[in-house]
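K.L.:
Chain by chain, the residues:
Number of protein chains: 4
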Amino acid sequence: MNKYSFKNDYSEGAHPNIIKVLSETNFLQTEGYSQDIFCKKAAEIIKSYLQNDDVDIHFVTGGTQANLIMISSILRPYEAVISADTGHINVHEAGAIENCGHKIITIDSTDGKLYPEQIIEVLDKHTDEHMVKPKAVYISNSTETGTVYKLKELQNISNICKQHNLYLVLDGARIASAIVSSKSNLTLQDIAEYCDIFTIGGTKNGAMLGEAIVICNENFKEDFRYNIKQKGGLIAKGRILGIQFLELFKNNLYYDLARHANDMSFLIADELKKLGVNFLYPVESNQIFPILDNKLINYLLEKFEFYIWEKLDENTSAIRIVTSWATDEKSVKKFIEEVKSFLTKIN
Amino acid sequence: MNKYSFKNDYSEGAHPNIIKVLSETNFLQTEGYSQDIFCKKAAEIIKSYLQNDDVDIHFVTGGTQANLIMISSILRPYEAVISADTGHINVHEAGAIENCGHKIITIDSTDGKLYPEQIIEVLDKHTDEHMVKPKAVYISNSTETGTVYKLKELQNISNICKQHNLYLVLDGARIASAIVSSKSNLTLQDIAEYCDIFTIGGTKNGAMLGEAIVICNENFKEDFRYNIKQKGGLIAKGRILGIQFLELFKNNLYYDLARHANDMSFLIADELKKLGVNFLYPVESNQIFPILDNKLINYLLEKFEFYIWEKLDENTSAIRIVTSWATDEKSVKKFIEEVKSFLTKIN
Amino acid sequence: MNKYSFKNDYSEGAHPNIIKVLSETNFLQTEGYSQDIFCKKAAEIIKSYLQNDDVDIHFVTGGTQANLIMISSILRPYEAVISADTGHINVHEAGAIENCGHKIITIDSTDGKLYPEQIIEVLDKHTDEHMVKPKAVYISNSTETGTVYKLKELQNISNICKQHNLYLVLDGARIASAIVSSKSNLTLQDIAEYCDIFTIGGTKNGAMLGEAIVICNENFKEDFRYNIKQKGGLIAKGRILGIQFLELFKNNLYYDLARHANDMSFLIADELKKLGVNFLYPVESNQIFPILDNKLINYLLEKFEFYIWEKLDENTSAIRIVTSWATDEKSVKKFIEEVKSFLTKIN
Amino acid sequence: MNKYSFKNDYSEGAHPNIIKVLSETNFLQTEGYSQDIFCKKAAEIIKSYLQNDDVDIHFVTGGTQANLIMISSILRPYEAVISADTGHINVHEAGAIENCGHKIITIDSTDGKLYPEQIIEVLDKHTDEHMVKPKAVYISNSTETGTVYKLKELQNISNICKQHNLYLVLDGARIASAIVSSKSNLTLQDIAEYCDIFTIGGTKNGAMLGEAIVICNENFKEDFRYNIKQKGGLIAKGRILGIQFLELFKNNLYYDLARHANDMSFLIADELKKLGVNFLYPVESNQIFPILDNKLINYLLEKFEFYIWEKLDENTSAIRIVTSWATDEKSVKKFIEEVKSFLTKIN
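Chains as they are written, first to last, in the numbering used here: chain A, 923 to 1269; chain B, 923 to 1269; chain C, 923 to 1269; chain D, 923 to 1269.
The hints are simulated quantities; they were obtained by calculation from the structure and are not laboratory data.
Since the list gives no way to pick one copy over another, a pair counts as held whenever it fits inside one copy or between any two copies.
Taking lysine to any residue and the SDA-like style, the derived pairs with C-alpha atoms no more than 25 angstroms apart in a straight line are: (1) K962 - D1050; (2) K1172 - S945; (3) K1047 - D1215; (4) K1172 - E946.
Make the full structure from the sequences, and use the hints.
P.N.:
Right, here's the structure in full:
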């Protein structure tokens, strides 16, 4: 790729600290399948961040894998999971959840988030054994549209779940960006308090690969490694996952990386807003969706890579700009300059 | 682990070349999900090794994942796979194949290998729709008992498969050790010629993680990435798999590493044989199973780590010694010395 | 049930002819698992109705079973089926299709039917292996809202399916009522011509139980009995299914029964229309959805059984009236009288 | 079939009482999906036979369906069921259990039964999450080889199961023949006491179709109808299942029918034994396996239908003779006469 890419937050490798420690520990012999000292320490450090010693932590290689393992391990065959229609499990996991046997009940979403009254509506419609039984609620934070949950919003969903015996599952592939977002007051500890099970994503925030699954609900802890193994998620050299999370959670690196990602997306957003640009979704994390004239889009595509997200009318489209821990500030500024330059020219 | 371990061939990290290139390429931006230049080049170099341009190559993270993706993607729901009872899919994958919906029809094996007449016997018993329909044959090479297939043996199985419309699937988690074994005349090209689909294992021969799936049968190529994605095997930074295989197949490193592993296991085996030790299975690759007096075993366990494989009688057991690309020759020699020293003492 | 019921078309047993022949043939010894002479003859007579000798016909016990067997046997794991959101497989089969591993892609429907442009829209959104691959289209005729397809409508869907390599699956649980409907010019032969696989429902048109699966697409014929067996659909005394379909298709009984059902529903509908009643969906088959004042509904519920389908506003709701082969004309007339009587009183 | 058949116990229709009541109740309107008065009464009468009011009873259409619903509803994805290698779920259900995601761990059996020490051996081998977790034990009574469990044998298995947290599942497709067998002291009440879930078979003892699932373990009761529905086992006119079990359990008909079946098989067995015939398995129920000279077998096949079960050597084979509630005593006597006549001739 010759053009600078804002296509996603997994275009580069890993944070250099990770490569360094992988190299340093390379010839140390360890136990296999995540029963090594690095995985143990990584679990400890995450627990200390969560200020919660009662959770179980497991490491798997990717987000789809984490989601399918979490959801298939907590549901009975006829139980279903409720998700926003924009949810990753519904759109971009090639039917992984259904392939594990479970229906996803979708809720039309305008901002990627779920709200209590929508969940109630689903429950009201599912009344007998001719239908699936809604049993889990899946949310992602940040969402697929870049929005983030506030503490109160998570509490509200959690309350509804508790009242109706629903499990709350949170997909944290981009949890770092959500937690450090200036638009949210939610902490990692809150998430561990209000969810039954959730992930802390590594891949999109500085790891080569890896997602941590955090099990908060006591009932889901037993035999969880069987679930991981059966789905092909238990890797022989599990140490490489432990090492990465250990490095990410040293000295707040995990949050620092996410702050950089957000700084870069907000920098772009703020400048575009000054130029009168509107956004398809609220700017709240490292994914932003500016609405631009198609001519400007084409101009930018000559110099940068990014996805056209949605055609809005004949002349305008929303694009998706994703920044990351690795995003180069100079390229960000160049992007802004190019927008300004184009707009100046045509005016 | 303070004691030197012969427990398995995944106790260490990755070959240093791999770490080096991961580091060097770290900030290069690439496409996600294995559509990057490294995966493309890795596929090319493997094809050149296979002297076969008509295969499709995909990279996934682990062996169980590779097996479940391969087998579930080629079978209809009622079709079953034939395996030795010792086969990895039957014993050590937590029911992954069954969880994908397919029965494993097992054949009692004394050496970990399958033979044509055993396959015929299975076919003769499966006569109508009240039973599953045998449709694939799964073999591993080297096998779980350390044995390796010879060219003629693979040809024989392949012939039976072709005659009876069975697909031949080869689990190559330890294919390198099998290919370079002095006990086999089989080449990687042969395997590509006679199998419908197989893996080339990275994890146990120098990679941090990664298995290459090689699709030879034209019918299995279409849409294969859907299968990988749905099973959680498509990782965002697929580049790290491509980079590893690219390094492994540069300058024959892959074979050199396997040769070292075999040299180490044969060194131990040869010395033990001189001391009158018998083996549970023929010594043919990097896994060997010497039969030792329990007192000797306990003595060795004070200094080394390895698995007790099977208790044979009150006084003797078979142990499993696994060597690898990373096995330290000095530790091997120390192991031999300890055996000699113990035997001298008691005589 | 003391009140006369219009709740569904499976409140009674079977047409007396069926009971009679079950009795007459009771002690005849036959082959098991639908390989008896009755199943063979029933298949023959259905083929003659279809004027098509190239189809395969199998008998299973119920509609959900038929749908899950059909759909799971034609799709690869990552392939999905498109359905109206009102479709039986989406709403009222407890997630049976997903439990077989497949996503149902839903289309919002106002009348229970699918239209080509909606299918195209789905295809346009499913572009790569991160999403499921739409591969089948499921329609029901008559639909769950009582509407029926016209020949041209079925042809249009079939064309789109052929152009895009989609299989067309038709759920004919209430196919008889659709075929004889005055609102449709579609024949059973047309359905066999344009669909890849479909069912002819027995349960809701005079049988105790039983659905015939008709396979038109050559590729789905091989090994189909394996699919039925594996899903628990092959019953030992398959003869009882054969006997029922044989009787139903003798002397056009199947159509005569459906005509009676439709006559009864249209009789109610016509009278209600005269009284100014509107309907939630067009009146086209044996399921009708009159919109009534809640007071009238409560009055009727004292004398009849039927489902309240949907509350429309504070004062009115749509109810569902289902008639069948067994519906008693006197009770139908009484129902109409009660409506009239109530309306007279309040005016 | 012109020759009299001893191939199985489902060659005829249903006991005439059943047909009679189906006819008498035919036009009664009832609730659908087994929520009718007949199913309720049938459950009551079975509970009274079991002298147990704490069980839940459900009716499904066939044995494979019952087995797959029972087993898939009680196991987590990675949990496996232990069965004799001869077990119906292992051999003759086309992989239904595996298709629901669960491995069957087989135990080599000589008589079709399981013994505690064999179960212990399986448990000893399954030690960690790389393997499936054995969680249920499946037995059939009578077994597929015609043998029956004695009370003490069932108690022993039950004890082992309780000690190791294994569920005990009993396939009672031929439970009637087992219960009334002179070779067993086991009662239906015992089975309800010692098993977690089991079936009472209708199809092979006088019903057209139908198996009753009896749930004894409190934990399996909730939501069980969801499982039935999702697997396609909930039929619209569930009444026909209720009516049949109601009739079968009136005035001990169920046992009387089974006694007739056993009388017929023992009559044949006793006479053959007098003639010096040996049997492949002990004669204990309505399935017997005499070992005959191939010439005699061929002679008999000209006049009767039965299965050749296993070729034992060049000259002799075991055949399977199955008798049932409908078996004609005259034909039984004719069969014995033909054997005698042939043996006289050749001597």
